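Residue numbers (the working numbering), protein chains in the order written: chain Z, 706 to 1080; chain X, 29 to 388.
It should be emphasised that the hints constitute simulated quantities derived from the structure, not laboratory data. Don't take each hint at face value.
[Stated by the list, open to error] Example chain Z residues on the side facing chain X (calculated, C-beta under 8 Å, incomplete):
1. Q719
2. K748
3. G750
Here the structure is a predicted model, which means the values were calculated and not measured. The beta-carbon is built from N, C-alpha and C at its ideal position, and this holds for glycine as well.
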Amino acid sequence: MKYLDEYRNEAIAQKILGEIRRTVTRPWVLMEVCGGQTHSIVKYGIDRLLPEGVELVHGPGCPVCVTSLEMIDKAHAVAQRPDVIFCSFGDMLRVPGTQDDLLILKSRGADIRVVYSPIDCLKIARANPEKKIVFFAIGFETTAPANAMSVWQARQQGIRNFSALVSHVLVPPAISAILESPLNRVQAFLGPGHVCTVVGYREYEPLAAKYHVPIVISGFEPIDILEGTLMALRQLEAGVAEVENQYPRVVKRDGNPVAQELVNKVFEVADRKWRGVGLIPMSGYRLRDEFREYDAERIFEVEAIDTQEPAVCISGLVLQGVKKPHDCPAFGKQCTPEHPLGATMVSAEGACAAYYAYGRHLQRKTQSPEAVAAA
Amino acid sequence: MSSATIAGQNGDAGALPGSCPVPISDYKEIVLAHGSGGRLSHQLLQRIILPQFQNELLATEHDGAIFPIGGARVAFSTDSYVVNPLFFPGGDIGSLAVHGTVNDLAMCGARPMYLAAGFILEEGLPMRDFWRIVQSMRAAAAAAGVMLVTGDTKVVDRGKADGIFINTSGIGVVPEGVDIRPARAQPGDVIIVSGAIAVHGIAIMSVREGLEFETEIASDSAPLNGLVEAILSASKDIHVLRDPTRGGITSALTEIAHGAGVGMRLDEVCIPISEEVKGACEILGLDPLYVANEGKLLAIVPDSVAESVFAAMRAHPLGAGAAIIGRVTADNPGVVLMKTRVGGLRIVDVLTGEQLPRIC
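Next up, chain X with everything else stripped away, as it sits in the complex (with noise of 0.2 Å):
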């Protein structure tokens, strides 16, 4: 696909041989909710860039790729990263380029080995936070256990990026014997999050909105492989893992009701939130189910071994506050229903672009 083609407008592609007017979408131009992972994000995939590159591996929208090279499964996988600010409590741009593309891996139950990183830097940039945010992605990729070898620079004038995008990309290994995707999801199976939910999309947005509270909120990122290893020595038989990033957990969890045809059914006390998320969630008038995810996952698992995954989780650093927050269900296959904090029963469902602060 040229950049032309998504760059044109209705009418015009046409002066592009080969190539296809653009399709009838809603807007003419692209506008920042096509990357909130909502709806509009949705859209552009579903009708920009799936239709193009139709092929079973991109259908089974999977936070990776799984195929066969020579004896091996091979996982494939690549992210961006244009977080504002660069550095925040708990991770800056650079660690969390290597945490996401391994945490992607990760979700398709690979070893992650081998990243290749992008750099896209601003004209202006002080070498001293480059410096620092490759000093982090090296100390985060020792951490995780992988190896960055091979890369790319370019520079752009000022004004043309917000100082530094990055992606990754990265290859991984699947163990024999597991099979993690989203169309795994049967009735019956339980959902597991494996700790406090939202807190990296506050952390970043206490530092972007100059919000002081009393205790700090530092992201949560971290690399998932190592609590998913201790998840696959529980059982291999895990239907789905996903790391609930944009859009936070209700999206994740929609996207995979939708591809599986299930429903689910959600428990609201028990989905867990730390009592400093909760309050800034409160003066942003945001609500934590849509909030972006770092360092947690969610797991859906046959019922028989829940409680040895569970316990395997617990008994992770990066698990120990995991829940059971939900069940798989047959009925209202795509539709996500949670059991409210008063006894009440919503429908969850995902966003249309950003969630906005409220004005009262």
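Excised from the complex, chain Z in its bound form (with noise of 0.2 Å):
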């Protein structure tokens, strides 16, 4: 397929690993931050394909994983209302609350509905006009522009029976909560790529020389992320600390103007739990009061809900790329994309089910596939 195929090219993909051998003298520990560029690498075994000694480690960049307990929890009591449709990204159906997920609640008679764009709940709140429409507005930066035209669109058009569950978060502050750990190992990123088409990388510059850590732009193919790596890699092996566009075929230092006004106008910058990780100050977006008529937390008044997350897993670690998923006792076992125990396990993006989806819960019982190809 054009535009795709070039990406996923093994010629390209060797020359580059050729590249990154000659380049790279010593250890060094990347993460890539994006959940989709996680999903890439396992799928098509890339880190595999690195030179010993150079570390990919799965950050915190999948929305679904990192939205918090206590917000699930608030979803549910929504969802569960018999006055409510509740739309949701496909991927967060699955994703579990203290009790259940959304895929129960629906087998028991929730109206639970999979949109691809929040716009789509318009169309439902206008055929359903005596029903409530609850759409749960999440993600990064990539996908605020399409959920605040949502709620703006709803007012233009007098919508009234259209609310959302907002529950964004935002990739800087996570990237500083890492840096600042006295844990952290991270050496260089992988900025994300669809999150900067919107917001620019412009607010990375700052991060890169306060922190002096590389960061570079990388898109999600097979190539983009293999680029990015030796891009980061040449930073790395020169001390050199800067921001650089792998992705500039999408990407652009100042990012999509039009769609940041308008997230500006219907959100605002505010503290946000996450999952496995806990309070970010500063680190999601709320509507704005002008907008709290579409404010689904308050329409149907579960801001008071609390949770308090089990520390029965160490997702938290690998989200900040302290832990790989198969250091846990419970990967694979317990805990799996069925009965995903954390964060890291309950969307495909994440990095634990990334590794379960792609056989790594296995190998511990086989030969490595290394080894097979060896063979």
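These two chains come separately, so use the hints to put the complex back together.
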């Protein structure tokens, strides 16, 4: 497929890998920020192609995973109401709250629908005037414009039976939190390509300077990730720490100003709890007061729900890149995509779920693929 | 098995004479993912159904059962169809219900002969739609060379069914010298797929999601008994045939690898996928390896006959896009490995539940 096959080409991959091998003189730890990048890395086995010593650790950039348990419980309280049609992105359906997940609530009769675009909720609202349509507005900066647009258009069009349960998170505060942690091992970042498509990468420049850490804004295809890795390694080897853009076919330094303007009209920056991590100050969006009539938390009076996360799994450490999924004794045993114990197993983009989906839980029982390949 | 045994909650099923408590499962209720063909469907079979009916035939976990009656070896299979929308590009629930059971029989190496059909109709289903579905079944049965010889209709209240559900069962006869079953997959065998994958699932999903592509993706639903005859005329020594429906080719291959205690090694670049389907999968965030097929089969054959079988498949209209996608291996029993497009190696495993569209 044009514009995709070029970025999945084995010959090009081998060329970049050769360049990486020639560049690296010592071990380095890189973090890919996005869940989409993690997914691609595990799907194509990219981490296994890299020379020994170049370690990729998986960042916090899976919006479904980091949505706090408390927010999921709020979502479930709203979704169970008989007067509500609850709309969500697909992979949110399997995320467990304290009790159940949305798929189970659906099996008990709750009206829960998967939408591809938040704007679809407005169509559902018009078609069901007797119901209250609630959209679970989650995600990083990437989904913020479309989510903001749903609220904006609802007001424009005078749609009164629509509201949003907002749990937006922001990447830069999470990167700061990782770098401030005394456990931090990360020496360079593959930055979030699609987040930066919206917000640009100016915000990342002070981070690179303050923590002296290379940040390469990278795409999601195998060649993007390999090239981003090479660019980051070149900086590390040269002792440079700058923001570079591997993904210029999509990302510009200033991002998409039109989208940013809309987001800023509808949302404002606020504190946000992250699943597996805890509260990070000023790390999310909430609806501005002038849009409070579209705030599902307020309408359905679920603001008071306060859930503490059980300290049963190491997902917080996995999200920060301190541990790998298979370092966890529960991985693939008590903790599976069916019954996730923690954040990183809940969505296909979570590091643990990606490891599981591509069979890495099986590897302790079997020969490693490398050994098989060599045989 | 009474339906009450399955429906009962933990503990209260003890009230039924002679019944056991429901085995401990991770879910107290049936969820949609139990029907996805992935891990949960497998659990439903393994924990609830199979233990109640232990017998050699069921234990083969084949698409159908094969047993002797009189002098003949008979294949027997059943399947239910609950597709939404009822009509989709390339077919409808009627043609699907015929093709599905014909194909299950064909995967046993049998020549499908007779079908039975059960219709569960929802009050309010337009008569015109029902007529169209029945016409489509007649045409599909004629094309597949099978006779629909018995059936049943039931009507349920409005809201209790999705317009129409159809069950079909079928019987066929397995020719002498043919022994096709999952357990026969052996190290060294060649894995062939009969054409481009994931077409049916994407055709259904693009209608359901209201996606419009430049070219319409039509379902590949088709009767595969003709193709199987062509394969068997090239060689009777076919080890396994499987039509990779729900759960796609990975689920089918992983099941076979488990059942036969062998490993498999696939090559991603060899797996045929059309540009349209690739594009739709990118948009929907789905992996085509897990998407359903209806007119494709996987053949696992000894190396010695692979070339002639492959040629016979390519010569048949339904196998024109056939490709050799991998081999059966002795190492890593139960595990399917795939060399990825960029040269990495990954394990392909069955899905837990439905593939859900990803957020980004």
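Structure-based check of all given hints:
| no. | hint | verdict |
| --- | --- | --- |
| 1 | Q719 | holds, 7 Å |
| 2 | K748 | holds, 7 Å |
| 3 | G750 | holds, 2 Å |
Every hint, counting from the list given before, is met by this structure.
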